[in-house]
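J.: Sequence:
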Amino acid sequence: MNKILIANRGEIAVRIIRACKEMNIKTVAVYSEADKDSLHTRLADEAVCIGPAISAKSYLNVKNILEAANITGADSIHPGFGFLSENSDFAKICEESNIKFIGPSYKVIEMMGNKANSKEMMKKAGIPVVPGSDGSIKTLAECIKVAEKIGYPIMLKASSGGGGKGIRVVEREEELEENFKLVKQEARASFSDDEIYLEKYIKNPRHIEVQILADEYGNSVYLGERDCTIQRRHQKILEETPSPIIENKLRTKLGETALKTVKVAGYSNAGTIEFLVDENKDFYFMEMNTRIQVEHPITEENTGIDLIKEQIRIAAGEKLRYRQNKIENRGHSIECRINAENPNKNFRPSPGKITGLNLPGGNGIRIDTAIYEGYVIPPYYDSMIAKIIAHGANRNEAIAKMKRALEELVIEGIDTNVDYLLSIITNLNFIRGNYDTSFIEKNL
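Mapped onto our numbering, the consecutive letters of the sequence shown carry residue numbers 1455 to 1898.
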């Protein structure tokens, strides 16, 4: 690979550009009119404007992105996360255009992107899944029938869902019809696909995901688990690795199940297998994310493996350089997502100009961001503006480092969720590792 176009923006675009620079690979940034002063456009070797601010006409504009690749001579595209990263049509067009898509094949993205179908496929392969519908649900009558069979509460979920969108919990039958319509509407609006499925709602589980790497020759490894349980409205806020509740025996079982999933799917590149773990430590396959995750840095800090570089090497046809018995996880890492929002005003987005900035540093602190003093945060995109990653010899040290880093962080001119994050990591239940998906609701 000689030149990679990054079909994304913000901190993940900066992260990919930096990895490419270290590998002596040229980079092309694409940007919307609202992002002309963004950091990723300054760091890349070339930058091409691909349309106006609205995502549909820029970062989701396949035609313009491919034209940018052609005019700059890019031979590959890294999609980052979000936007086109799990769009099988985009991956297919890249392949047909003789441009390498840095990720799995379009066939695998299509297969695993439909959550209902992938769940059914795993079930047939003997991988434990949450009880629910066999594939997608077409009618309300069918929905009622399945709900009666598995019992309430249930979850209605968009088959093409992601990012916490298109999900509703239904406690009783009287609420089913309204939520059935709402989820279909949300699915259509968010994913241009109103297909939904149903599964049993497991109350207060842990949300555990396993990072995997797989090459095109059938070799694969798992790199430990991440605990992504601290969520607000199905959106992750804070992640840590290893999970405080996972012991070695269960960790091995989760990892081996993740690798079985990789084999069933015929997967290659970096990916994540997501599980729900209940209070009895029983686990269930939930979905597979066919891309790099927002929270990938904590795995990098614990293993010393650069996941972006590995993505590029695998896409370039190289064999995996690691074997399972050589993978080591050292210490403990925590990631906090810094968002431009006001938690005191129902998390209202807070775009605007950053008039003052002090980013924390010191031993064990990593900052992934694209902001700088004077930068104007546009109102058109996701509110996440930075990630703080703290690594310590153990969990208590990682928590202490994160607390110190959050207290050092200064972002003036906009509202952020920094105080909200401090209230989480200083909460006694969090410090004790005593939390589940109801943590925010119960404690904040």
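Please keep in mind that the hints were generated in silico from the structure rather than gathered at the bench. This one's a predicted model, so the numbers in the text were calculated from it and none came from an experiment. Note that beta-carbon positions come from the ideal geometry of N, C-alpha and C, so glycine has one too. A hint or two may mislead.
[To be verified] Beta-carbon label-pair distances, calculated as ranges: (1) I1604 with E1895: 19 to 27 angstroms; (2) K1657 with E1521: 33 to 41 angstroms; (3) N1734 with G1758: 47 to 55 angstroms; (4) V1864 with D1732: 39 to 47 angstroms; (5) A1643 with G1758: 37 to 45 angstroms.
[Claimed, not checked] With a straight-line cut-off of 25 angstroms between C-alpha atoms, the simulated DMTMM-like cross-links for lysine to aspartate or glutamate are: (6) K1717 with E1733; (7) K1690 with E1627; (8) K1603 with D1760; (9) K1654 with E1754; (10) K1654 with D1669; (11) K1578 with E1754; (12) K1619 with E1728; (13) K1857 with D1890; (14) K1654 with E1625; (15) K1780 with E1754; (16) K1657 with E1895; (17) K1773 with E1670; (18) K1511 with E1550; (19) K1511 with D1543; (20) K1703 with E1670; (21) K1714 with D1736; (22) K1554 with D1732; (23) K1578 with E1550; (24) K1690 with E1602; (25) K1735 with D1669; (26) K1735 with E1895; (27) K1707 with D1736; (28) K1578 with E1602.
J.: So, for every hint listed, does it hold in this structure?
T.: Going through the hints against the structure:
no., hint, result
1, I1604 with E1895: 19 to 27 angstroms, "holds (24 angstroms)"
2, K1657 with E1521: 33 to 41 angstroms, "violated (49 angstroms)"
3, N1734 with G1758: 47 to 55 angstroms, "violated (34 angstroms)"
4, V1864 with D1732: 39 to 47 angstroms, "holds (41 angstroms)"
5, A1643 with G1758: 37 to 45 angstroms, "holds (41 angstroms)"
6, K1717 with E1733, "violated (28 angstroms)"
7, K1690 with E1627, "violated (29 angstroms)"
8, K1603 with D1760, "violated (46 angstroms)"
9, K1654 with E1754, "violated (33 angstroms)"
10, K1654 with D1669, "violated (34 angstroms)"
11, K1578 with E1754, "violated (33 angstroms)"
12, K1619 with E1728, "holds (16 angstroms)"
13, K1857 with D1890, "holds (21 angstroms)"
14, K1654 with E1625, "holds (11 angstroms)"
15, K1780 with E1754, "holds (15 angstroms)"
16, K1657 with E1895, "holds (13 angstroms)"
17, K1773 with E1670, "holds (7 angstroms)"
18, K1511 with E1550, "holds (22 angstroms)"
19, K1511 with D1543, "holds (17 angstroms)"
20, K1703 with E1670, "violated (29 angstroms)"
21, K1714 with D1736, "holds (17 angstroms)"
22, K1554 with D1732, "violated (40 angstroms)"
23, K1578 with E1550, "violated (32 angstroms)"
24, K1690 with E1602, "violated (31 angstroms)"
25, K1735 with D1669, "violated (31 angstroms)"
26, K1735 with E1895, "holds (22 angstroms)"
27, K1707 with D1736, "holds (11 angstroms)"
28, K1578 with E1602, "holds (23 angstroms)"
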